[in-house]
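If you're matching them up, the sequences are chains A and B in order. If you read the first sequence in UniProt numbering, its first letter stands for residue 1, the second for the next number, and so on. If you read the second sequence in UniProt numbering, its first letter stands for residue 1, the second for the next number, and so on.
Keep in mind that the hints were calculated from the coordinates and are not lab data. Since we're looking at a predicted model, the values are computed, not measured. Treat the hints with care, as some may be off.
[Said to hold, decoys possible] Computed footprint of chain B on chain A, listed as stretches where at least three residues anywhere in the stretch have a Cβ under 8 Å from a Cβ of chain B: (1) 84 to 95; (2) 148 to 159.
[Said to hold, decoys possible] Beta-carbon label-pair distances, calculated as ranges: (3) A:Ala-305 to B:Glu-245: 27 to 33 Å; (4) A:Glu-136 to B:Ala-33: 26 to 32 Å; (5) A:Ala-305 to B:Pro-184: 39 to 45 Å; (6) B:Phe-89 to A:Gly-315: 24 to 30 Å; (7) B:Ala-271 to A:Arg-251: 43 to 49 Å.
All C-beta atoms in this analysis are idealised placements derived from N, C-alpha and C, irrespective of residue type, glycine included.
Here are the chains, one letter per residue:
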Amino acid sequence: MSLPHLADPAGRYRTMRLIRSFEELALEWVRSGLVVGGTHPYIGQEAVAVGVCAALDPADQLTSTHRGHGHVLAKGADPGRLLAELLGRVGGLNGGRGGSMHAADFSLGILGANGIVGAGAPIAVGSAWAARRRGEPTVVASFFGDGALNQGVLLEALNLASIWRAPAVFVCENNGYATTLPAASAVGGSACGRAAAFGIPAETVDGMDVEAVRAAAGRAVERARAGGGPSFLECLTYRFEAHHTMERRFRLSYRTAEEVASWRERDPLATGLPTGRMAEIDREVAELLSAAAEFALASAEPDPATANDHLYASGLRPRSGAAL
Amino acid sequence: MTLLSYAKAMNRALADALEADPAVCVFGEDVGAGLAGLTLGLQQRFGAERVVDVPLSEQAFTSAGIGAALNGMRPVIELQIPSLLFLVFEQLANQAHKFSLMTGGQARVPLTVVVPGSGSRSGWAGQHSDHPYGLFAHVGIKTLAPATPTDAYGLLSSAILDDDPVVLFAPAGALGVREDVTAPLVPIPLGTARTVRPGSDVTVVAVGHLVHQAVAVAEELAGEVSVEVLDPRTLYPLDRAALVESLNRTGRLVVADDSNRFAGFAAEVLAVAAEECRLLAPPRRVTRPDGAVLPFALALDRALQPREDQLRDAIRAVLK
Chain A
1 MSLPHLADPA GRYRTMRLIR SFEELALEWV RSGLVVGGTH PYIGQEAVAV
51 GVCAALDPAD QLTSTHRGHG HVLAKGADPG RLLAELLGRV GGLNGGRGGS
101 MHAADFSLGI LGANGIVGAG APIAVGSAWA ARRRGEPTVV ASFFGDGALN
151 QGVLLEALNL ASIWRAPAVF VCENNGYATT LPAASAVGGS ACGRAAAFGI
201 PAETVDGMDV EAVRAAAGRA VERARAGGGP SFLECLTYRF EAHHTMERRF
251 RLSYRTAEEV ASWRERDPLA TGLPTGRMAE IDREVAELLS AAAEFALASA
301 EPDPATANDH LYASGLRPRS GAAL
Chain B
1 MTLLSYAKAM NRALADALEA DPAVCVFGED VGAGLAGLTL GLQQRFGAER
51 VVDVPLSEQA FTSAGIGAAL NGMRPVIELQ IPSLLFLVFE QLANQAHKFS
101 LMTGGQARVP LTVVVPGSGS RSGWAGQHSD HPYGLFAHVG IKTLAPATPT
151 DAYGLLSSAI LDDDPVVLFA PAGALGVRED VTAPLVPIPL GTARTVRPGS
201 DVTVVAVGHL VHQAVAVAEE LAGEVSVEVL DPRTLYPLDR AALVESLNRT
251 GRLVVADDSN RFAGFAAEVL AVAAEECRLL APPRRVTRPD GAVLPFALAL
301 DRALQPREDQ LRDAIRAVLK
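Taking the hints into account, I'd like the entire structure generated from these sequences.
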C-alpha cells in the first residue's frame, strides 16, 4: 500500500515537478515580499524526497529539516495549505503558527520540519519505538543534511535505534555543504562509516536519480518493516539555489559557477519520460499550483488575539504579556 | 500509623500510572535496578519494554520520549541529577514545549521529566547541586516542586496525566521526609498552591524542602508573629489567586527559594505581589546568591543555601 501518488514513474515525476514549481513560486514570493522571513530552497534535491517517500506507506511517518518543503509535499501534503503556511495564513498546515521551518501534517504522518539541525532523528527513533511496541507496522523516515552528521544527538539517535532495532530509515541528504561549510572539510571519516559503527546497514546512493533512491529506500523500509531494524542512506545530491533566500543579500561565493552548472546538468527532473508526457504533467502541475496559490492568497490573516492559541495542548491559558 | 516516604510515594505514583494506562512508559539510566529509588521493582513488575534502561545519551532518549509522546505514549523520563537538565534543555525548551503551538495544535507532548534529587545533596559539588526550576518556569514548561510525600504522589500522578510536558523537581532536601498518610493518595491538580500553615501577619512563600524549614521557623516564632506558610507546589503555572489572597490578608511577604537570586522564582513572586497587592512593607527574599555554583566543602555548600536564621531575620525585617 505505497503512496498512490508516487506509485509509478509518471507520478514520481509529477511530484518532483510539483516540488520544483512550488519552490520556484516560493522564491518569487520571497523576492516580492509576500513570504516574510524567507525559505531554504529544496530545488535540486527533489529525487531524494520523492524516492524515499515512494517507498513509504500512507501510515508511515517522517521527520524533516529546515529545508523541508520537498519532504512534506512528497508525503502528500496539500500544496495550497503549505503555501498558506509560508504566508502565515489560517489556512496553512499549521494555521500559520509554524511557517516554512516547522510545517507539519500529523494526519499524513509528517511529524514536522525542524529548525534545529539533527533534532528530528531521535524524535523519529522514539516514534518508531512507540509504533513497534504497539505492534503497528509503521516505519519512520528521518531526513537530515550532511551538517547533522556532526551533531552529537544524531549519533546518540543512531545508537538508540540500533540497540532498539527501531523501524527507522535515516536519510542523509549530502548536498556537500552545511550552509557554506564544505562537507569535505567538516565530516571526519564518512557518513556511512558513522552508521556502520553502530551496526546499522548503510549505503550511498545517487541522490539525483529518483529510481536509485527509491530502490535503496525500498530495501531499507522492507528491512525495517520486517523487524530488521534501522538503515542509513547517504544520498549524494546538490542544492541548485542558495542555503537560504537571505544568502543573495551578501553575494556569498563559496561555490564556483562551474560546480553549480555541472550539478544542474544532472537535474533529477530529467527522468527520461517521453517529452510529450512530461509537458502534459507540467501543465497539470501548473494548474494545480495556480489553484494552490489562489487558495493560499485567499486565506485569512490570523487574528492577533489568537497568538497564544495552542501553546498548551491541555488548554492552559497563561497571562498575556501586557496585562496586570 | 503508616509512614510513607517521599521516594516511596513517587514510586507508587509511577506504579499506579503504569498499571492504569499501557501508554505510560519510563526511560532512564539505571531504572531497571532502580538506582535513584524512584523505579525500584517497576521493571520486574511491568517489564523492560515499559521501564526501559537506556544508554547514557540523555539528549537522544529525552527526544525519543518526545517522539514516543507524539505517537501516543505517555513517557516519563528520569534524570538522576538536575544538571542533566542543562544537556536536554534543547529537547525540552526548544522541541517538547514548542510542538503544540508550532504545529497549530496538531501535536501534543505528554512527557514527564522527573529529577529525583534536585539541589544540594551535600558533597556533590558544582555540577550535581543545581536547582534550576526557574529556567523551566521561565520558558513556560509546567514546573513542579513537591515538598511532601502526599504532594509528590499527587503532582507526579497529575504530571503523567497532563497533555503537556512537565518537569518535576524532587528536592534532595525533601527526599527524607516521611508522612503519616491516612487519606487515600490522589492526583493533585497542577497550578494549585497549599496553605501549609495559616497565619495573619506575614506570608512566607516557600519552595520544596524549604517548606519544612519555613514551618519550623513559623512554629518557633509563634509567640511573636503569626506566620502563614504557602507552598506553591506548582511553580508554573503559579497559583496567583492563592498568593494574592494570602498577601491581601497578611500584607507582608517573604519568599524562601533555594535557587539563584537574579531573575529567579522569588523575583517573580515579588513581581506578582508588587503588581497585584498592596504590601505594608518591602518584601524579602531568602535565596542562593546571584549566579551561585555550590562549592564542594560542606561549610561552603551550606553557606550559599537559604538558612533558617536568614528566614527568621527576613520575617522580622518585613514586620518592622
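Going down the list of hints, with the structure as the test:
1. 84 to 95: holds (count 4)
2. 148 to 159: With 5 residues close enough to chain B, the hint holds.
3. A:Ala-305 to B:Glu-245: 27 to 33 Å: 29 Å Cβ-Cβ, so the 27 to 33 Å window holds.
4. A:Glu-136 to B:Ala-33: 26 to 32 Å: 31 Å Cβ-Cβ, so the 26 to 32 Å window holds.
5. A:Ala-305 to B:Pro-184: 39 to 45 Å: Because 43 Å falls inside the window, the suggested range holds.
6. B:Phe-89 to A:Gly-315: 24 to 30 Å: holds (25 Å)
7. B:Ala-271 to A:Arg-251: 43 to 49 Å: About 47 Å separates the Cβ atoms of Ala-271 of chain B and Arg-251 of chain A, which means 43 to 49 Å holds.
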